[in-house]
Amino acid sequence: MRILWLCNIMLPFIAKSLGQKIIVKEGWLSGLAGKLVLNQNQNNITFAICFPASDSLNMVNTDTLLFVKSVADGIDYYIFREDTQHPENYDEGLEESLGAIIEDFKPDVLHIFGTEYPHTLAAVKAFGKPQRTLIGIQGLCSAIAEAYMADLPIDVQQKRTLRDRIKKDGLAEQQEKFRLRGEHEEQALSLVGHVTGRTDFDREMTDKLAPQAQYHFMNETLRGEFYTDTWNIDTIERYSLFVSQGNYPIKGLHYVLELLPEILEKYENTMVYVAGDVITGHGSIQDKIKLSGYGKYLLSLIKKNRLGKHVKFVGRLNSDKMCARFLKTHVFLCPSAIENSPNSVGEAMLLGVPVVSADVGGVHNLLTDQKDGILYGRDNPDGLKDAILQIFDDDKLAMYFSANARLHALATHDPGTNYNRLLEIYHEINDSV
Numbered sequence: 145m146r147i148l149w150l151c152n153i154m155l156p157f158i159a160k161s162l163g164q165k166i167i168v169k170e171g172w173l174s175g176l177a178g179k180l181v182l183n184q185n186q187n188n189i190t191f192a193i194c195f196p197a198s199d200s201l202n203m204v205n206t207d208t209l210l211f212v213k214s215v216a217d218g219i220d221y222y223i224f225r226e227d228t229q230h231p232e233n234y235d236e237g238l239e240e241s242l243g244a245i246i247e248d249f250k251p252d253v254l255h256i257f258g259t260e261y262p263h264t265l266a267a268v269k270a271f272g273k274p275q276r277t278l279i280g281i282q283g284l285c286s287a288i289a290e291a292y293m294a295d296l297p298i299d300v301q302q303k304r305t306l307r308d309r310i311k312k313d314g315l316a317e318q319q320e321k322f323r324l325r326g327e328h329e330e331q332a333l334s335l336v337g338h339v340t341g342r343t344d345f346d347r348e349m350t351d352k353l354a355p356q357a358q359y360h361f362m363n364e365t366l367r368g369e370f371y372t373d374t375w376n377i378d379t380i381e382r383y384s385l386f387v388s389q390g391n392y393p394i395k396g397l398h399y400v401l402e403l404l405p406e407i408l409e410k411y412e413n414t415m416v417y418v419a420g421d422v423i424t425g426h427g428s429i430q431d432k433i434k435l436s437g438y439g440k441y442l443l444s445l446i447k448k449n450r451l452g453k454h455v456k457f458v459g460r461l462n463s464d465k466m467c468a469r470f471l472k473t474h475v476f477l478c479p480s481a482i483e484n485s486p487n488s489v490g491e492a493m494l495l496g497v498p499v500v501s502a503d504v505g506g507v508h509n510l511l512t513d514q515k516d517g518i519l520y521g522r523d524n525p526d527g528l529k530d531a532i533l534q535i536f537d538d539d540k541l542a543m544y545f546s547a548n549a550r551l552h553a554l555a556t557h558d559p560g561t562n563y564n565r566l567l568e569i570y571h572e573i574n575d576s577v
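Numbering (the numbering used here), first residue to last: 145 to 577.
Listed next, the in silico SDA-like pairs over lysine to any residue satisfying Cα-Cα at most 20 Å (straight line):
id : residue 1 : residue 2
1  : 453       : 422
2  : 250       : 181
3  : 453       : 415
4  : 540       : 550
5  : 456       : 446
6  : 472       : 420
7  : 453       : 383
8  : 472       : 382
9  : 434       : 306
10 : 434       : 447
11 : 311       : 231
12 : 269       : 358
13 : 321       : 301
14 : 540       : 382
15 : 453       : 413
16 : 352       : 282
17 : 448       : 402
18 : 352       : 330
Hints were generated in silico from the structure; no laboratory data involved.
Throw the hints in and build the complete structure from the sequences for me.
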């Protein structure tokens, strides 16, 4: 059986082989790919990966090439061109590139990870075999578009900085781009025969957007670094909070900054660490010119509430540094306006970090409220504050959540179980046609 993966990014093990910068996303796929290759003889599987890259990558800057093919760690991979900076635009030329890759590899099953980019729709069209096409739901652009503004004040939603005007990328325009991406997503899902998911949320969305498709339940396996270490309350930075992303409104960093003064009234040493793209840089004139509307709003909250000494943006972290940050954290926060099954919550739980999360999307399928951590209603900001203080106040509760969360996550994200389930799905698809 020949399996072709379509991924959104160059996976870390391929980037390493090419000397390229490693993108800190979807790293868990490297381990899953390695398992497929290691066991491909006994499972009768031949496996390859394709993914997009811009013209700036030397390997794909020759106009006559529809794709570039090479090998890393024993895995064949294909690179095709795509304007990933403007994923709201559909390029029909992608159908030719992906069609050429499909013709070269001749897959029995095409497994597409995510619906966020137009290459998903292009691949579905180019392959033209819905009963042999599998889409794994990650985030859903149509749902993101609806929740995008995340309760921001109307004047903030409408305000555009110089950077926003030049790039035509204010908050309203960003929301519209997700809406357009959602249209391509909905079309792709309507054309496939199989979908994988793991939460009540993505099951409901599959029923809505892909009623013709067979839904296959499969949990995700996370990055290997998060399975070995364990959180210890004796070695943490007391009263530290960690947010894994804060670069756009749905991740909810503004909710945290709005309530932080009330937490500081009781715990004056509280620190919030924020990973991911830093959109608040303002140390130079150039930085200030680059400020987005949302970045400027976050800065205004920090300034208004005098939080400068209590908020630290740590930038993108590789898996080792991310793990280290988790292990120092008193409480991990997921204050998002919408999520499916955030890997950051899974990683925190695997390590045993106490988690407080908005009860949105499919988070409740990962974390059992009051047993593994605390879920609060998205429309109840005081619930976020109260949950943080509850854990800060009670070490026994923190350790109770830690132990339960780790056991739950080890079952949810068990590599062997999830790998075997993936094989079952591939064989179910191949044998049913």
